[in-house]
Amino acid sequence: MSVAATKESPAVETPFLRLAREFARSRTALAGLAVLVLIVLAALFARWVVPQDPYDLAQLDILDSMMAPGTLGGGGWTYWLGTDDQGRDMLSAIVFGLRTSLLVGVVATLIALAVGVAVGLLAAYAGDRVDGLVMRLVDIQLSFPAILIALILLALLGKGVDKVIVALAAVQWAYYARTIRGSALVERRKEYIEAAQCLALPHRRIMMRHLLPNCLPPLIVVATVQVAHAIALEATLSFLGVGVPVTQPSLGMLIASGYQYMLSGDYWISLFPGLALLVTIVAINLVGDRLRDVLNPRLNH
1 MSVAATKESP AVETPFLRLA REFARSRTAL AGLAVLVLIV LAALFARWVV PQDPYDLAQL
61 DILDSMMAPG TLGGGGWTYW LGTDDQGRDM LSAIVFGLRT SLLVGVVATL IALAVGVAVG
121 LLAAYAGDRV DGLVMRLVDI QLSFPAILIA LILLALLGKG VDKVIVALAA VQWAYYARTI
181 RGSALVERRK EYIEAAQCLA LPHRRIMMRH LLPNCLPPLI VVATVQVAHA IALEATLSFL
241 GVGVPVTQPS LGMLIASGYQ YMLSGDYWIS LFPGLALLVT IVAINLVGDR LRDVLNPRLN
301 H
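Mapping of the sequence shown onto UniProt numbering: position 178 corresponds to residue 178, and the numbering continues sequentially without gaps.
Quick caveat, the hints were computed from the structure, so don't treat them as lab data.
Everything hinted at is true.
Taking lysine to any residue pairs in the SDA-like style, the calculated list, with each CA pair at most 20 Å apart, reads: (1) Lys-159 to Leu-148; (2) Lys-163 to Leu-110; (3) Lys-159 to Val-107; (4) Lys-190 to His-203; (5) Lys-190 to Asp-128; (6) Lys-159 to Val-246; (7) Lys-159 to Gly-241; (8) Lys-159 to Pro-245; (9) Lys-163 to Ile-111; (10) Lys-163 to Thr-236; (11) Lys-163 to Ala-146; (12) Lys-190 to Leu-201.
Derived Cβ-Cβ restraints for the label pairs, each shown as a range: (13) Gln-86 to Leu-133: 48 to 54 Å; (14) Leu-156 to Gln-86: 28 to 34 Å; (15) Val-166 to Leu-216: 23 to 29 Å; (16) Asn-285 to Ile-152: 23 to 29 Å.
The beta carbon of each residue, even a glycine, is placed where N, CA and C say it ideally should be.
Let the sequences and hints guide you as you build the complete structure.
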C-alpha cells in the first residue's frame, strides 16, 4: 500500500461552513450579529429577563411615574432607564416592545417574500405577456412611497398587529418580485434549465427544484435588509397612531408616548426606545451588508 493511500483525505468544507468563515472575517458584522442575537433572545424571553410586565395593570404603581433613570422604585427594584407617565419600567417596556416590532417585521417579510418569489419566478419563467404585465404592476407599486400605501391600507383595514403585517407585506412584495425576476432571467438561459426542459420535467418542478435554489443568494440579502425596513416602517406607522393598538405597543408607540415630554426634561421616555430601535436596525443592516459581500461572487475576491 502506498504512502499516499494511507494519508487521510482532507475534510471537505461545506458551503455553510465556507460562508460562516467568510462572514466571520468582518469584526463589525460579528458585532452586529452578536447584538442582534441578544436582542432576539431578550425579546423571546421578555417575561423572564425583565422585572416587570409593563402591560399588566396589577404590577404598575402610579406613584412611580416619571422617575428618572437609576431611581429605586416602590417595588424594590431599580428603574435603570426610568419610568413613563403610567409608572411603567422603561427597560421592561422596551424589551416587550422589541418583541412586537420583531414579530411584525419578520412575519411581514416572510409573507412578502413568499408572494414576491411566486410572482417574480412565474414572470421570469413564463416571459412575454405575463412578464410584461407583472413588471408593470411592480413598477407602478414601487413608484409610490411605501409609507403612503401602508397608510392607505391601514386607513381601510384599521388598527391591529395583523393589519400592520398585511399592510407591510403588501408594500414589500414588489422588491422580492423584481429581485428574483432578474436572477431567474439569468439562470433561465443556462444549460441546466434547457436540459430539464428537454427531459420534459413539469414546469413547477423546474421552477421550484432547479431555478429557485440558484436565485436564493440575492433574496437572502434583500430579505435581511427588508426586515430592518419593515421594523422602521412599523415604528413610523405606530408613531403616527395608525399602527399597532395600545394593548400591543411597539417601539414606535413608546417613542410617541414620550414625545410630548421631551421639552419638559423627561427625555428618557422617548430617547431610550429610539436608541433601541436604532441599535436594532443598525445591527440588522450590518448583518445584511456582510451577507451581500459573502453571497455576491463579484464582491468575494
